[in-house]
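Visitor: Here's the letter readout for the chains.
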Amino acid sequence: MKELRLMKGNEAIAEAAIRCGCDGYFGYPITPQSEILEHLMKEKPYENTGMVVLQAESEVASINMVYGGASVGKKVMTTSSSPGISLMQEGLSYISGAELPALVVNVVRGGPGLGTIQPSQADYFQTVKGGGHGDYRLITLAPASVQEMYDFVELGFDLAFKYRAPVMILTDGIIGQVMEKVVVDDYKPRWTEEYIAKTYPWAATGKTKLRERNIVTSLYLESARQEQLNKTLQAKYKVVEENEIRYETFQCEDAEYLLVAYGSSARICQKVLQLARAEGIKVGLIRPITLWPYPTKIIHEVGTKMKGILSVEMNAGQMIEDVKLAVECKVPVKHYGRFGGIVPTPSEILDALKTL
Amino acid sequence: MTEEIIIAGFGGQGVLSMGKILAYSGVMQNKEVSWMPSYGPEMRGGTSNVTVIISDERISSPCLNQFDTAIILNQQSMDKFEKSVKPGGLLIYDPNGITSHPTRKDINIYQVAGTDKASEIGISKLFNMIMLGGLLKLKPLVTEEFLKKGLEKSLPTRHHGLIPENIKAVEIGKQLLNPYHVL
Chain V
74 MKELRLMKGN EAIAEAAIRC GCDGYFGYPI TPQSEILEHL MKEKPYENTG MVVLQAESEV
134 ASINMVYGGA SVGKKVMTTS SSPGISLMQE GLSYISGAEL PALVVNVVRG GPGLGTIQPS
194 QADYFQTVKG GGHGDYRLIT LAPASVQEMY DFVELGFDLA FKYRAPVMIL TDGIIGQVME
254 KVVVDDYKPR WTEEYIAKTY PWAATGKTKL RERNIVTSLY LESARQEQLN KTLQAKYKVV
314 EENEIRYETF QCEDAEYLLV AYGSSARICQ KVLQLARAEG IKVGLIRPIT LWPYPTKIIH
374 EVGTKMKGIL SVEMNAGQMI EDVKLAVECK VPVKHYGRFG GIVPTPSEIL DALKTL
Chain L
3 MTEEIIIAGF GGQGVLSMGK ILAYSGVMQN KEVSWMPSYG PEMRGGTSNV TVIISDERIS
63 SPCLNQFDTA IILNQQSMDK FEKSVKPGGL LIYDPNGITS HPTRKDINIY QVAGTDKASE
123 IGISKLFNMI MLGGLLKLKP LVTEEFLKKG LEKSLPTRHH GLIPENIKAV EIGKQLLNPY
183 HVL
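Chains V and L, in that order, give the protein sequences.
For the record, in the first sequence the residue sitting at position 183 is 256 according to our numbering, with numbers rising by one throughout.
For the record, in the second sequence the residue sitting at position 98 is 100 according to our numbering, with numbers rising by one throughout.
One chain only, chain L, in its complex shape (with noise of 0.2 Å):
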């Protein structure tokens, strides 16, 4: 197994943080795992992106151009990374603020509208949590037990406390997951 997932979005999203989350929760499991993030001057202000790769086997490149799955977090980062999915791969989106949504008819895509829904509950800072609960919903990566693991080990532990909100803001996150094209 290996999978390669760019997660893009607005600097404060917490794009850098989902990914990291995602990366340690993996090295919970055992698996190989790669995190890249964008460190360009775009990460002072504007878009951020970071791919990260899970798998059983040592892993090539950290520095992809296609994808198994993009978790697209605004407009720039849908018209950037949309056309590299892999065929059959995977598209989630916030649709808030998206103006042109995806096209392509070869991947399948789902909407999870994450931030509607954070700023609903008051839970505007566990977004993107709310996101990765759509990818996890999909594709297992991890479970909940390493997600756990992975959480503690990448939250400073003064936030420990904090984790069952990070925990049930995953759950929202499957829940909220809505077909847009399936094949």
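Looking at chain V on its own, in the form it has when it is part of the complex (with noise of 0.2 Å):
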């Protein structure tokens, strides 16, 4: 049965894990989302689910477990905030090359360097332009209330799945701390060993005499096979921009000046269009929920009919760089950002909304 929770999105992101099925967590606690871990604590769901909850040495062990879970076809995921998320890149590359399904999910806080504990999206470049090595792409959704971060974890592992590529839930102090109104869902069932052989034939479940081994790895000393690994690669990351495009339009239909902003930014934002309406200022907001795939076409179709556009990010101007390709610099685009941790104000974002 569905139920009504008041809940901190950390917490939601670790019940949502438990309910949909996860096998596995391996993290190391960081500042701001060490709710995760003590709410798998808290729940002990090894002694209900069979999930196996490890509190890691380290983010660089912490994802090398996930690599081995995902190896053998296992629901496995980690979480930790910016510094911890720097040292699992290497392991991130990894599982993009062996074509791996996993979750992460990135707490972000203000940087650079060990930085603060308070909220940012400074890693907006690391997460969706590279981080690690290799011509690799990471699926982004960026969830702005705790309902999406507990909906975007099930999410995360459909996708992780159906593209045996590591997805990353990229959210923020903010709605990593915020309590809202979550409605979690009935506890599904763990996949059997059978149902992951029958329906994960690439997972490494163990040699049957129908086919051969399945070899786990990123490894190929001949190029021609590994430019073979790329091009598999790639296409399907064209599958994924042509399916996987998430967004969220508000007041877009009169509007003569957007926002653009995602996650805690775009609530934020949201009370700037409260203000700024009441001024008798017609903006609207686009929100993209995946921030790769990236929504370039919306922000195409509706910004380069507006007299002006602000991307609005706690940062020093990151999606700024995707906004401006999006809509091929027809239309001024201005940034506006706070960053080591300050949250910018409705106030401060409707001033510089008037100076477009």
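These are computed hints drawn from the structure, not numbers from a lab.
Hints should not be assumed to be uniformly reliable.
To be verified - In silico DSS-like cross-links for lysine-lysine, where the CA-CA straight-line distance does not exceed 27 Å:
#1 Lys176(L) with Lys85(L)
#2 Lys85(L) with Lys427(V)
#3 Lys151(L) with Lys254(V)
#4 Lys139(L) with Lys170(L)
Unchecked claim - If you want the footprint, here are the derived chain L segments under chain V, 3+ residues with CB under 8 Å:
#5 15-26
#6 30-40
#7 58-64
Note that the structure is predicted; figures quoted are calculated from it, not measured.
Cβ coordinates follow ideal geometry from the N, Cα and C atoms, glycine included.
With the hints as a guide, bring both chains together as one complex.
Guide: Here you go:
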């Protein structure tokens, strides 16, 4: 039975993992996402669903435990915040190269370096433009509410297994720490070994007489073979771009100006819409839900009709590059942001909007 | 109806739990709610604050810089948040330890001498509920029935025996409400 709860975003991630039949969580505590591991330890799913919850010795160990779990077709995940996610980049590249499904959550805090524990969106480039080495892409979901934190865990696993690729939930200290209403689902059973072996024939579930050994690797010393892997990846990414773009629009119909913002910034921008419209400024908002694949087409369609666009991010201007590409610089695009853990106020953003 | 509230004071005064009880009560009453705490180094000793929003509609930003209501429990928070109350809004504060009283003339200001009362009758742990009483007297955001349900949801079961005392503290707070500057 569905149930209404009041939860922190971080707790919603943990609860969703248990209820969607996750097989294993491997992580290392770091603010502002420690409630994920704390909630799992409190709920003790290992006593009920059999889900493994393990505090690893480091983030490097965590992501490699995920690599191992994913190799045998298990639903496995890790979570961290910015400095910890930096340590995981090698693992993400390997998991992408080995074409394995995995879920990674980054509850971003201010950087660079050890930075601050306050919210930030400064890991946009790291997430959607690379981070690790090689030509890979991370399917990236940007929740803007506690309900989406919950929903995107199962969605993330679905996409990860559909495309055999790691999926990132990119959020921040605001959505991680805020408590909101959330509707939680029934407990779904974990997959059986038989189901995994039948449904995911690539998984290293043990050689049978009917097939060759499954080998999980991202190492192909023969360049032709490595090029073939890259071609496979690129073909897959094209399918993702054609099918998985998600976004939300607010009051764009009569808008003369456009805000583009994701995650917590998009929530703050919804307040800006109220303030601006009360002053008679016709402004709309596009909220990319997937940051890769990016909702380029809708931003082009809506954005090119505008007098000006403001990209609002809690960083020095990262997503603005994708907004500019989307509108092919046909209209002026400006950036507004605060960084280092400072959250911009709705009034500040309204003032910036008025300079367009 | 949308009510945007900041509650601010020292860590240990029950700032976050007051907000949580209010938020849970709102959920029980079928409202949209948001509870956004300060989680920075200040919560490890020092000032603590929480933004609570209760609304009939989908809530926009959980982080705000202008509030309908501020509940202020120490001087640092007064310095920080007096200016953040919307014109015509409400400021409720405990005068205990306040050296510079609020000076705004465009908002309604009330005192609730919660610290003194709580120590006088020996219920210092229920200080935050006394302050909440002051708010609920002026703005009945949640009814007593749903406040009880909110307490049941937000308190661990072993503390459910204390719910009647919590409700009593709210009633005490309602009686302590003292106008300081009213429009």
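Visitor: So which hints don't hold here, by number, going up?
Guide: none
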